[in-house]
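Asks: With the sequences and hints as input, model every part of the structure.
Protein chains: 2
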Amino acid sequence: MPAPLVEGRPRGYIIPIGGAEDKVGDMQILKRFVRTCGHKPSIAIIPTASRREDTGRNYRELFQSLHASEALVLNFAEREDCEKKDYLDFLSRCDGVFITGGNQLRLSTTLGGTPVAKLLRRRNAAGMPIAGTSAGAAILPEHMIASGEEGPTPLARMVQLAPGLGISNKIMIDQHFRQRDRLGRLLSAIALNPFALGIGIDEDTAAFIGPDNALEVVGSGSVTIIDPSFLKHSTVAETDPGKPISLTGLRVHVLVEGGRYNIETRIATVP
Amino acid sequence: MPAPLVEGRPRGYIIPIGGAEDKVGDMQILKRFVRTCGHKPSIAIIPTASRREDTGRNYRELFQSLHASEALVLNFAEREDCEKKDYLDFLSRCDGVFITGGNQLRLSTTLGGTPVAKLLRRRNAAGMPIAGTSAGAAILPEHMIASGEEGPTPLARMVQLAPGLGISNKIMIDQHFRQRDRLGRLLSAIALNPFALGIGIDEDTAAFIGPDNALEVVGSGSVTIIDPSFLKHSTVAETDPGKPISLTGLRVHVLVEGGRYNIETRIATVP
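First to last, the protein sequences are chains A and B. My numbering puts the first residue of the first sequence at 1, with every later residue one more than the last. My numbering puts the first residue of the second sequence at 1, with every later residue one more than the last.
It is worth saying that the hints were derived from the structure and are not from the lab. For each residue, glycine too, the CB sits at the ideal point set by N, CA and C. Accuracy of the hints is not assured; some may be wrong.
[To be verified] So, partial list: chain A residues that the calculated Cβ filter (under 10 Å) puts toward chain B:
id	residue
1	M1
2	N58
3	E61
4	L161
5	A162
6	A191
7	E216
Replies: Below, the structure is given as structure tokens:
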């Protein structure tokens, strides 16, 4: 669960990215992330989700090219790495954290319950931005979509949840949203307990969630918001595995670049 | 997630029961629950998980026979029932809440995100005991075991999680533990993110978790505690569905009547 806020200090930005963000053109999302961290910021890169040896290094070079003063890859490969003093020291003083893509269960199994997970929650509560792309976006909430099936219709047991990092408890995130046809699995995740907002993020698209819980869409795709506040009924409890679920009374918003959504008031606005 | 504590007031007891608690003999668990609520307490019964029409009424009669001054069945059948003023009023003033067995997804889909869920978290944070049996125990934590397969060996994807009520974020609960051979599914739930303690509760057995996070075992069976604090490695991220998972460095305690476990210090003691 999120760490308590620090009195007098706003929470830091939470920035889920839908994967495959532009890295060769104007790099709008990455540029905006670096700017959100401050002037010439120090950035920590967590490449744990990825199995590719060069993932962290590539982001380090990108952030350096975008005028980060420092970009350090924290290679948490095993749980015991999460006790390393130099890594924890850097996480205590950096200006922003970026979590790469890969497999979100590698993040939850490696970081979960360690000092790194606690420190990330504390620093975000005290004002530090945290961004994650693809698996790095999925891990941000308390309830993480770990895996699931493709398709637009919600089916019973089509989605597998696991505990995430708990940076936010107000949202559930799915990524590569349109590209991998994930509306059904996000709906079926929300159907299990309609307390959280569902946020489906396309590739090369990000939701910049500010300290005031106002979300702004940045990038070339769209963000789909599923608000179950007025849900009348969900049949997931009575439905056999693989069969479609009824859900009535959902509110849905599809927002593109510049669109905004307030997670507290649940009001969407377009530019 | 749990509501913030109220300054100067201890959190209320959290009392998961493994199902099939004795209702005809000395009713040790139910008697102890009533006593924990106070002298001649008012008790709210939430029968939402059950499809049987007499479930709530039966518990009302049991609690009356155990000297509750008042026992009211709050029949939250649909989500809109969770706005009923007389039900919310009673939940605001009762001395304890008991959640019956049935299907835990009926609880999460009906109560999740409603004023009832918020009120239960707030009242427990301010001192009111909440007990639940079987499905009513599963729903208590932030991360709820919704369903899964039987067997002692943890397998990838053998367990389905869903968001629970969020009364506690420190534990995951499984019930009918020995009777339905659920060690494997509790281990595989913990493996997904080793931040929470796993608590497996046998039938006719309860874990009375006090305001100080000290747990005491009451009843005829045992409580199995799985502590992943020293977990070295979990292979769940790399394992195909249905295949066994490696988990190294778990600590396990099996406690019977009178055994205690401190969730903060992670120390077990036997009488």
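Asks: Hint by hint, which ones does this structure get wrong, listed from lowest number up?
Replies: Violated hints (numbers, rising): 2, 3, 7; every other hint is consistent with the structure.
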